[in-house]
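Novice: Each chain, written out:
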Amino acid sequence: MNAPDDPAGAEGAPGGASAGASPATIARSPMLACLTAAALLVGLIAAASYAVGVTAVLRMVKPALGGWLAAHQFYLMEGGATAFGLLVGIRLGRRIAGAIAVTRRMLAIALAIALVALVPLVHLCAAMARLGWNGGGARLESWLVGREGYAAGEKYLDTAITAIYFFKTAAYAALGGVALIAIVIAASAARGSSDGTAGAPD
Amino acid sequence: MISWRITILFIHVTAVIVALGGALFSTFALTPVLAQELEPAMRIRVARRVVRRLGTIVLTALGLIVFTGMLNLMYFRAMPLALMIKLALVVVALGLALYQYGRLGAELWRVSASGPDPRFAPLMARFRRVGLTVGAIILIIVYLSLGLTRGAVAAGAFH
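As they're listed, the protein sequences go chains S and V. With this note's numbering, letter number 140 in the first sequence gets 140, and the count goes up by one each step, no holes. With this note's numbering, letter number 22 in the second sequence gets 22, and the count goes up by one each step, no holes.
Some clues are possibly wrong.
What the hints assert, rightly or not - From the structure, some residues in chain S lie toward chain V, with a derived Cβ separation under 10 Å:
(1) 125
(2) 172
(3) 178
Derived from the structure by calculation, the hints contain no laboratory data. The beta carbon of each residue, even a glycine, is placed where N, CA and C say it ideally should be.
Whole structure, please, built from the sequences with the hints as guidance.
Specialist: The following block contains the structure:
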């Protein structure tokens with residue numbers, strides 16, 4: 001389904017692949033890779049801070065920053081996880097659908113929609129992540145405390161539950177990212193069908 | 001009777017009906033008739049347009065299913081095993097549909113742009129096979145959903 005905005009689509013040349021590459025080859029996007037890494041970094045640092053309680057130490061050194069981080073680290077963790085998941089989902093959807101179906105313009109549209117929908121999706125994905133499996137709860141706590149002692153065991157439990165919560169949020173967001181790519185492909189195909197510029201003339 | 005919960009559930013169920021019904025109609029009604037009634041060149045012209053239009057409908061429906069499903073989960077407020085299996089199947093179905101209408105559909109469109117091509121028939125056969133797999137997975141998801149709903153009613157979740 002060549003996008004109507006792709007003037008090379010009539011000859012079958014892909015919009016997303018570099019010249020000379022196979023039509024099915026996905027051109028690597030350094031910007032997308034950077035965004036994904038940045039989202040993961042923000043989310044993981046916030047998660048680690050939340051789990052380990054770094055803000056208590058930071059307040060002694062930089063009280064204002066420590067206070068700000070204490071107030072926002074949970075939301076930074078949720079936001080980082082959701083952004084990371086959305087980007088992974090978009091990249092995965094792009095890889096499954098192929099370069100012909102997902103042009104650079106469609107990818108930009110998907111990213112723009114993801115940015116606009118990020119805040120509501122953070123709340124939705126985080127709420128979904130709070131449902132169901134949390135690592136076994138009491139069983140995990142019992143194992144960790146039995147193995148590491150009470151103080152260390154409780155710290156490890158906090159870290160484990162935070163990590164599980166982070167990755168569950170990201171997984172739900174990834175599903176949303178793949179669904180977003182599906183909708184963008186559908187919209188592009190519909191636009192092509194409705195204005196009659198669907199690739200080569202019949 | 002009118003509430004956000006019912007509205008979201010309505011959109012969710014309607015999207016399932018549209019996704020499944022459209023794909024089944026195309027596979028079991030439209031394609032055999034096209035094969036019997038039309039010459040190969042015309043059949044390919046019609047088939048490629050059907051694939052494109054059906055892709056629009058099915059992918060939009062699947063996208064709606066995912067987002068309304070997420071919202072439904074907020075009202076359900078639980079994650080039983082059946083729901084976890086259902087979510088896993090949704091991921092598989094979505095991935096396969098993206099492959100079918102995105103990658104295969106785009107290839108079909110490209111290959112048939114200049115008329116009949118020997119690559120068209122095997123691509124179309126693979127397209128149909130993937131479509132049947134997606135349809136079967138959606139039917140299993142519907143079955144699991146009915147079990148979840150009945151279980152929720154029995155537990156008083158809808159009161």
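Novice: For each hint, tell me whether it holds in the structure or not.
Specialist: Status of each hint after checking the structure:
no. : hint : result
1   : 125  : holds (8 Å)
2   : 172  : holds (7 Å)
3   : 178  : holds (6 Å)
Of the numbered hints given earlier, the model fails none.
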